[in-house]
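Based on these hints, arrange chain B on the given structure of chain A.
Chains A and B are the protein sequences, given in the same order.
Position 298 (the first sequence) corresponds to 297 in numbering that gives the first Met the number 0; numbering is contiguous.
Position 41 (the second sequence) corresponds to 40 in numbering that gives the first Met the number 0; numbering is contiguous.
Accuracy of the hints is not assured; some may be wrong.
[To be verified] Calculated from the model, a selection of chain A residues having no Cβ within reach of chain B, i.e. all distances over 10 Å:
id, residue
1, Q155
2, S156
3, R166
4, L244
5, L323
6, T339
7, Y375
8, R403
9, F421
10, R425
11, R577
[Claimed, not checked] Not the full set, but computed from the structure, chain B residues with beta-carbon under 10 Å of chain A:
id, residue
12, L11
13, V15
14, K248
Calculated directly from the structure, the hints in this document are not laboratory data.
Built from N, CA and C at the ideal position, the CB exists for glycine as well.
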Amino acid sequence: MQITGKTRGAAGWIRVRDELKRFVSVSGTNCPRRAIICTYDFDGDIFAREVLSVLQRRGREFHVLVLADRGAFQARPRPSGARYNLSLVKMDRGIFHPKLIYLSCGEDGLVAIGSGNMTRYGMGTNLELISFHRQDGRNNQSMVNAARSFLESLRQSRRIDLDSSSRQFLQQVTGTLHKAERNQNACMHRAGLLSSLKEPLINQMQRCIGKQTVAKIRAVSPFYAGGHISEYGFEVKAIERLGKLFGAEVQLYTDVEELPKLLPVPHVLGEHSLSSSNDPDNTGPHSEYEQMTRLPTRLHAKAYMFEMSDGSAHLFHGSANLTLPGLFSLRTNVELLVHTELSRNEAQTFVAELNERFQRKAKVTHLVPQPSRPFYGRGNVVGGTLHMQRSRTVALKLELNENRRQVTIAQQQNGGPVHKVFTKQRCGWVRNPKILCRLKLDAIGAEAGSWTAVLWEVLSGGRRVPFTVNLPVSWPARLLEEATGADWLEQLVSEERGVWPTRNVGQDTAGEEEPEEEEEQLDCLPEGEDKESLELAAVCHQGELDRVAVRSSVLLRQILHSRKSSENCLDSLAELRRSVRKRLNGVQRGSVLGWISEAEERARKK
Amino acid sequence: MRPKRSDSVMNLPYWVERPPGGSRGLDPLGLQARADSIADRLLPNISVLTWRARYFSFLCWARLRAQHETNRERAIHRWEVSLAFREDKLNRNSKEHGNDCPFVGSLNITQRFGENENPPLAPEQVYRTSVWQAYRASLAALGFVTRGKGWPLTIKGKKLAQAWARSVPGPKSPERPLPSSACLSEISDQERVILKERLGIALLGSGLPKGNRGKRLAFYRECRPSLDSNPHGILPRYEQRKRRPTPVKTALHDAAVWERVSLGLNAILLAYAHNATSIGAIKEFETALTAAIRSREPAAKGPLQEILVSGDLETALRLAVAQLRRARQLLLPEQNLSDDLGWARNTILAVLSPTNGSAPSRASTLMKILLERHRNVKADASWFKDRVGWYLTLRPEEGRPKIPKTAQPHAYRIAAFGRLVYDLCK
Numbered sequence: 000m001q002i003t004g005k006t007r008g009a010a011g012w013i014r015v016r017d018e019l020k021r022f023v024s025v026s027g028t029n030c031p032r033r034a035i036i037c038t039y040d041f042d043g044d045i046f047a048r049e050v051l052s053v054l055q056r057r058g059r060e061f062h063v064l065v066l067a068d069r070g071a072f073q074a075r076p077r078p079s080g081a082r083y084n085l086s087l088v089k090m091d092r093g094i095f096h097p098k099l100i101y102l103s104c105g106e107d108g109l110v111a112i113g114s115g116n117m118t119r120y121g122m123g124t125n126l127e128l129i130s131f132h133r134q135d136g137r138n139n140q141s142m143v144n145a146a147r148s149f150l151e152s153l154r155q156s157r158r159i160d161l162d163s164s165s166r167q168f169l170q171q172v173t174g175t176l177h178k179a180e181r182n183q184n185a186c187m188h189r190a191g192l193l194s195s196l197k198e199p200l201i202n203q204m205q206r207c208i209g210k211q212t213v214a215k216i217r218a219v220s221p222f223y224a225g226g227h228i229s230e231y232g233f234e235v236k237a238i239e240r241l242g243k244l245f246g247a248e249v250q251l252y253t254d255v256e257e258l259p260k261l262l263p264v265p266h267v268l269g270e271h272s273l274s275s276s277n278d279p280d281n282t283g284p285h286s287e288y289e290q291m292t293r294l295p296t297r298l299h300a301k302a303y304m305f306e307m308s309d310g311s312a313h314l315f316h317g318s319a320n321l322t323l324p325g326l327f328s329l330r331t332n333v334e335l336l337v338h339t340e341l342s343r344n345e346a347q348t349f350v351a352e353l354n355e356r357f358q359r360k361a362k363v364t365h366l367v368p369q370p371s372r373p374f375y376g377r378g379n380v381v382g383g384t385l386h387m388q389r390s391r392t393v394a395l396k397l398e399l400n401e402n403r404r405q406v407t408i409a410q411q412q413n414g415g416p417v418h419k420v421f422t423k424q425r426c427g428w429v430r431n432p433k434i435l436c437r438l439k440l441d442a443i444g445a446e447a448g449s450w451t452a453v454l455w456e457v458l459s460g461g462r463r464v465p466f467t468v469n470l471p472v473s474w475p476a477r478l479l480e481e482a483t484g485a486d487w488l489e490q491l492v493s494e495e496r497g498v499w500p501t502r503n504v505g506q507d508t509a510g511e512e513e514p515e516e517e518e519e520q521l522d523c524l525p526e527g528e529d530k531e532s533l534e535l536a537a538v539c540h541q542g543e544l545d546r547v548a549v550r551s552s553v554l555l556r557q558i559l560h561s562r563k564s565s566e567n568c569l570d571s572l573a574e575l576r577r578s579v580r581k582r583l584n585g586v587q588r589g590s591v592l593g594w595i596s597e598a599e600e601r602a603r604k605k
Numbered sequence: 000m001r002p003k004r005s006d007s008v009m010n011l012p013y014w015v016e017r018p019p020g021g022s023r024g025l026d027p028l029g030l031q032a033r034a035d036s037i038a039d040r041l042l043p044n045i046s047v048l049t050w051r052a053r054y055f056s057f058l059c060w061a062r063l064r065a066q067h068e069t070n071r072e073r074a075i076h077r078w079e080v081s082l083a084f085r086e087d088k089l090n091r092n093s094k095e096h097g098n099d100c101p102f103v104g105s106l107n108i109t110q111r112f113g114e115n116e117n118p119p120l121a122p123e124q125v126y127r128t129s130v131w132q133a134y135r136a137s138l139a140a141l142g143f144v145t146r147g148k149g150w151p152l153t154i155k156g157k158k159l160a161q162a163w164a165r166s167v168p169g170p171k172s173p174e175r176p177l178p179s180s181a182c183l184s185e186i187s188d189q190e191r192v193i194l195k196e197r198l199g200i201a202l203l204g205s206g207l208p209k210g211n212r213g214k215r216l217a218f219y220r221e222c223r224p225s226l227d228s229n230p231h232g233i234l235p236r237y238e239q240r241k242r243r244p245t246p247v248k249t250a251l252h253d254a255a256v257w258e259r260v261s262l263g264l265n266a267i268l269l270a271y272a273h274n275a276t277s278i279g280a281i282k283e284f285e286t287a288l289t290a291a292i293r294s295r296e297p298a299a300k301g302p303l304q305e306i307l308v309s310g311d312l313e314t315a316l317r318l319a320v321a322q323l324r325r326a327r328q329l330l331l332p333e334q335n336l337s338d339d340l341g342w343a344r345n346t347i348l349a350v351l352s353p354t355n356g357s358a359p360s361r362a363s364t365l366m367k368i369l370l371e372r373h374r375n376v377k378a379d380a381s382w383f384k385d386r387v388g389w390y391l392t393l394r395p396e397e398g399r400p401k402i403p404k405t406a407q408p409h410a411y412r413i414a415a416f417g418r419l420v421y422d423l424c425k
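Isolated chain A (complex conformation) (with noise of 0.2 Å):
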C-alpha cells in the first residue's frame, strides 16, 4: 500500500506552519489576536512545535484554545505545558470531529480546515487535505466569518459540554458578530461552509448542488474496518445511499486493499486503491527512492467531488468520512465541510491529481468489516478552571455535566492521594490551599509558563479518567467576578493592546485595596475619627474614580485607532458597552457609559 507521485500541482503542498507564519507576519501586528483550534485527537508536543511557536512570537502572542475531544484525549491523554487552554468537548452522542484553525489579528483573520488532526499524522504522515481562507477587513461572504458562525453555534449548542470559560472565550471571539451574521447557517452557506450541527451535510450537500445532474461521484475516505482507530470508516450504507441519493455510479479512492464484501449494489465497488501490486514505479531503483523521500503513506483526506454532466464539479472536503454518522445523520458527530465550485479545469486536474495518486485495483478481497465503536469520554466533570478569590488566593471550580452531590478527584493516574468534593448545581469548589497545592495546581499559571493541568476523577469503579484545569482563557476574565472597576478596565486595555499578561494566579495586586475590606475597617474605626474616615473614603473613591477615568480612555482610543471600518467600530464599541453594563455601578458606569456614546459618535464621523 503505497501513496504514489508528489509533484506540485494545481492543489500542491503545503506545510501548516508555513501558511501561519505568514499570516502572522503580515497580520500579526494587529489586536487583539486570537486563536482557536478545533481537532479531535490532540497530541501537544507536535502542536506546540507546529503552531504554538508560531502563534507565541515575541509581541505577536495569542490568546489560544484548544478544543478536543474527550474521548479521543482520555484514550491518548497527551499533556504539554505550554501557554495555551486546551478544553475538552464532551458530545451526548457522537463525536468532536471537526478540523479548524482559526486566527484573529484585529480585523484580519485566517481560516484553516482539513482532514487532518493536531497530531503527528495529522501534519503530513498522513495524506491530508487543507485549505487556507483569509480575511483582510470586513468581509460578510468570507469564510472566516462563516467559521466565526460556527464557533457561534458551537457556543450555543446544548449538545456540547463545554466549560464556561471556554464558552466565554468564544463568545469574545464571536462577540463582535454583525447582526445579519448571527444567522449562522445563512453565512456559513453563503461562504461555502458546512457543518452538521443543525442539519446533517448530505441535505446541505444536496441543496448546493441543487438541480443539477451528477454524472460521477468521486469520494476519497479512509477505511477503518481493521477496527485499529477509534473513528467510523465508512460504511457500506452510506456508499449506498449516496449513490441512491444523486443517482450516479460512486468510484471510492481509499487506502486498503481489502474491502467489505458490499451489497449488490455493483457501482458502489471500490475501483480505486492505494495497491502497490499495479504500481510501474514500485519495481527497480524508485521504489527504494518512494521509501526514502516523505510521501505520506495513509490516506486521512476527506474529499467529495459530484462531476457535472458539463465536466464542471462541486468538492466537498473536510474532516467528514464516508460514514452514517459523519456524513448523514443529524446530531451525532460534529463534522465540517468546505465547499468549492471548480470549473472545468480544475476539476480535471483535482482527478489527474487524485488519479496519480492512486492505483487501479484490478481485484478486491471480501472482508468482513469490524467497524471499531468509537470512544465517547467518561466521567462527569466537564473541566476546571482557576478563579482568583476576593481574598487573593486560588479556587479551583468544577463543573460537571450533570446534578451530584460529590465527585472524587486525584491528581495521578494510579495511586496518589484523592479529594472529594462536594458539589451543588453542577458546580464544586476546591479552596483548601493546601489540598491545591498537593493537586499540584501551583505549576500553572502565567509565570509558570503552563495555563493547563489534567486532573483525573475517580468512577464509581475505581477508573480514573482526566480532565483539564485551565486558567480562564481571556486574561480579563480571570478577575472578572472579583475585580475593581478600573482593575477590569485595565485587563481590557491588555487585551486590546496585545499585551502579555505577566500576573500569577496568586499573586497580589500591590496597591489595589478591596472595596469590602475598607468598608470593614471603617467600621472598626472610633467615632472621633468618623470625618477623618470619611474624607478618606472620598479621597479612595475619587481615586478609583480617576484610574477609571485614564483607563476607559486608553481603551476607547485603542478601539478607534485600532479598528479599520467605522461599522467595526461601533460593533466593538457596543459590545463595551454591553459588557460596562454588567460590570460597573453606580457612578463608574455613568461615566464610562457617557464617553462611550462620545467614542461613538467619533467613530460614525470617522
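Only chain B this time, still in chain A's reference frame:
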C-alpha cells in the same frame, strides 16, 4: 444557494506537507561512531555533556534532597534551575565570571528570564532536558549512583553530596536561587579530592575500576600540559610529532586523523547537498571539486559552520581537500587501521591519488562513495531522506533543501574532559 467566492479563496485544497524530520544531520556520514570508539578507549565513562565537574557533586546532593519526592526527576530539575539562576545572577555581576563559568540553561535564562528574581515553578521552561539525565550514566559509571529504578546513591555518592552540602549551607527551597557558594567554579577541597580520585586524575588512590585506571592515568600524564591551559590543543600535538607508539598515543593520533577526515568528508557532502539542485549544478560541483583537488593554493581555514553560512562552495572544497590531504599524510602505512578508518583511507586515496583515473571521474567517484556511505547510515536516515534523498533521483522541481545554519564539527570528548580537569586542577 451557490457560494460566491472572493479572490482570496483558493479553489483547490492543498495536500499537507510533512514537517522536516527530527535529525539535525550534524553527522550525516555517521563518522561520530568512530570518534566515539576512540574516545571510549581514552576516556571511558565520560561524555561530551559531562564537562563541569561540580555538577557531579551538586547532582548527588540534589538526588539526596529529592529522596522523598514523588517525582524525583522533576524535583532535581527544579534544583538545577535554582542553581542556574544563581549562576546567571553572578554572570550579570561580573563579565569575567560569565566567560569562565558556563552552565546549562544560560542562554534561555538570559533571554527569557533575565528580569526574574526567582526561577519559574515549571523548570521545563528554562531547559527541557535536565542535567541529571545527561550526567546520571556517568555518575553510575563513576560509582556515585547505582543503575536501576530511581538511581539510588551509593556510599561514595552520599559522601560527595555531604561534601557539597558542607560547602553550600542553607538552601531550603528551589523556588529561590541557590547561594553564591553553589557556583560551579567554587568547588571545595573535599569535593575535589573525591572527584579527582573517581575521575582517575589523582596520581594517588584507587580511583577508577580495574582496566580503566591505567588508560586514564596514561592519558592524563600525556595530556596534562595541554589540558590545564588549552584542551583543544591536544590533537594538533599528535599530528605533528611522531611519538613512540603506546596505546594512548596511537589513539590520540587516530583521533587527530579522524577529526580531519570527518571534517573534510562532511564538508564535501554538505557542500554537494547545498549546491546540487539540478544535473547542471551537479556537473558544476564536480568540476569545482576537481579544480579544488588540483589546486595547490593554501587551504582556507575555519570551521564547517562558517562555510555553510557563507555558502561559499569554493572555500568548502578547499578546506575539505586540505583536510583530506593532511589526513593522508598522517596515515601511517604500518598502522593497523580499523574498518572505518580503513574505509576513509581508501576513499581519500581514491580521490587524491594521481594515478587513479582523471580528476572528474575521481570527483564523481568520491560523491558516489559518500552517498553510498550516507545511504547506509541508519542513524541519519531522516537527514538523508530530507536532504540528500532529493538529489538521488534528480528532481529539481522538488525545490532546494534547507541546510541547517549551524553544523558544528564533532564535539570531541577530549575537550569535555579538558574542562573537567580545568575545573578540578586550576
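The hints, checked one at a time:
no., hint, verdict
1, Q155, "holds (22 Å)"
2, S156, "holds (22 Å)"
3, R166, "holds (27 Å)"
4, L244, "holds (18 Å)"
5, L323, "holds (24 Å)"
6, T339, "violated (5 Å)"
7, Y375, "holds (27 Å)"
8, R403, "holds (29 Å)"
9, F421, "holds (26 Å)"
10, R425, "holds (31 Å)"
11, R577, "holds (30 Å)"
12, L11, "holds (4 Å)"
13, V15, "holds (4 Å)"
14, K248, "violated (42 Å)"
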